[in-house]
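Can you make the complete structure from the sequences, with help from the hints?
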Amino acid sequence: MKIRILLAAFALVAALPVLVAGAGAADAPKLPSGPHPMVQDVPADPMPREIVDDVKRTRNYADQPPLIPHAIRDYQLDLNVNKCLTCHDRKNSEGAQAPMISITHFQDRDGQALGAVSPRRYFCTQCHVPQTDARPITGNMFKDIDTVLRGKEGGK
Amino acid sequence: MGIKDFAVRCWRTFSRPSVHFSLGFLTLGGFLAGVMFWGGFNTALETTNKEAFCISCHEMKENVYEELKQTIHFTNRSGVRATCPDCHVPHNWTDKIARKMQASKEVWGKIFGTIDTREKFLDKRLELASHEWNRLKSNNSLECRNCHSAESMDITRQNPRAAKMHETYLFTDQKTCIDCHKGIAHRLPDMRDVPPGWTGITSSAQ
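The listed protein sequences derive, respectively, from chains A and B. Numbering-wise (our numbering), the first sequence opens with residue 1 and increments by one. Numbering-wise (our numbering), the second sequence opens with residue 1001 and increments by one.
Some hints here could point you the wrong way.
Said to hold, decoys possible - Calculated lysine-lysine pairs in the BS3-like style (CA-CA distance at most 25 angstroms, straight line): (1) B:K1050 x B:K1069; (2) A:K91 x A:K56; (3) B:K1164 x A:K56; (4) B:K1124 x B:K1061; (5) B:K1175 x B:K1164; (6) B:K1120 x B:K1069; (7) B:K1175 x A:K83; (8) B:K1164 x B:K1137; (9) A:K83 x B:K1069; (10) A:K143 x A:K56; (11) B:K1124 x B:K1137; (12) A:K91 x B:K1137; (13) B:K1164 x A:K83; (14) B:K1120 x B:K1061; (15) B:K1050 x B:K1061; (16) B:K1175 x B:K1137; (17) A:K91 x B:K1175; (18) B:K1124 x B:K1069; (19) B:K1137 x B:K1050; (20) A:K56 x A:K83; (21) B:K1164 x A:K91; (22) B:K1124 x A:K83; (23) B:K1137 x A:K83.
If you are wondering where the hints come from, they were derived from the structure by calculation, not from laboratory data.
So this is what it looks like as structure tokens:
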């Protein structure tokens, strides 16, 4: 009898880390490279879907580079061709019905407007990115200017 | 025995009715031989019409094939794989022969090593690509349409950006697939003088 209770206790203690971890893992963010034995095969999560609905997203602050609302898979962006500019450049925006890159994209760092896109704005995806429907790993506490000005939760 | 005699005797043997074989056998035999000849010809053509054949040349393997592997035409959710001949050799019989004749020019290039480095390939790429664009332009993107057809395209299932383009330029027959979809399988060469399908304005003409 005693031995049986002892064994059960041992089993419980042994299972404790698993149980605790399990309870914690339910709502904790799932880290892609979270702690798991190196030798264990952890199945990869499915790739999150790209958001390509062509709907503009609110910018969080006025000078945020707008998010790309469309697919850019395999878009070539190098010395030979800038696929983005085939639609967003000044002369192509009518044919493509795409918004033209704004004047800031033509300015060099002294604010001088150039005739074509400024070299420092050539690699569009340095600033503009598409989104996927992946759940953020950690929460975001960013508050936009209106919230701050209203002063309820922010502003301190 | 002179050559003339020999020829005459051969002709006699050849033209004399067969003693040993029935007419039926001969007809059938001839038919079978024909089938085998035709089949062999066909098989030879089939072999040269496979991707494995194309990439047996390093020019094709190390440049275009490596690039193709990154694209949607190599792996996709539908599991349909476009191979080189799907886009490059017309399925039509006579066109096929014509393409093969042109292909011997490539074999020539291989032997004389016109394109034996990546750099040489890149230098020549605009020219090679232009040949393909012209071909696809003049056959109204036939190879693309073997898999994709404008008729079966449900633009309500496409995103608005694509749907609008197709509605404006494709369904009105103003443009064909290759006008707008260059570089869907390989990396592009310098495109300064090649206008995007929807404007017709080149970058160097500014």
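Consistency of the hints with the structure:
1. B:K1050 x B:K1069: holds, 16 angstroms
2. A:K91 x A:K56: Holds, at roughly 22 angstroms.
3. B:K1164 x A:K56: holds, 17 angstroms
4. B:K1124 x B:K1061: holds, 16 angstroms
5. B:K1175 x B:K1164: Distance of about 13 angstroms is within 25 angstroms: holds.
6. B:K1120 x B:K1069: holds, 21 angstroms
7. B:K1175 x A:K83: OK: B:K1175 and A:K83 at ~19 angstroms, within 25 angstroms.
8. B:K1164 x B:K1137: This hinted pair holds, its Cα atoms lying about 21 angstroms apart.
9. A:K83 x B:K1069: holds, 20 angstroms
10. A:K143 x A:K56: The given pair, whose Cα atoms are some 20 angstroms apart, holds under the 25 angstroms limit.
11. B:K1124 x B:K1137: holds, 20 angstroms
12. A:K91 x B:K1137: holds, 24 angstroms
13. B:K1164 x A:K83: holds, 18 angstroms
14. B:K1120 x B:K1061: With Cα atoms ~15 angstroms apart, B:K1120 and B:K1061 stay inside 25 angstroms; holds.
15. B:K1050 x B:K1061: holds, 13 angstroms
16. B:K1175 x B:K1137: holds, 9 angstroms
17. A:K91 x B:K1175: Roughly 19 angstroms separates the two Cα atoms, so the pair holds.
18. B:K1124 x B:K1069: The given pair, whose Cα atoms are some 21 angstroms apart, holds under the 25 angstroms limit.
19. B:K1137 x B:K1050: With Cα atoms ~24 angstroms apart, B:K1137 and B:K1050 stay inside 25 angstroms; holds.
20. A:K56 x A:K83: holds, 20 angstroms
21. B:K1164 x A:K91: holds, 19 angstroms
22. B:K1124 x A:K83: Holds, because 21 angstroms separates the two Cα atoms, which is no more than 25 angstroms.
23. B:K1137 x A:K83: holds, 20 angstroms
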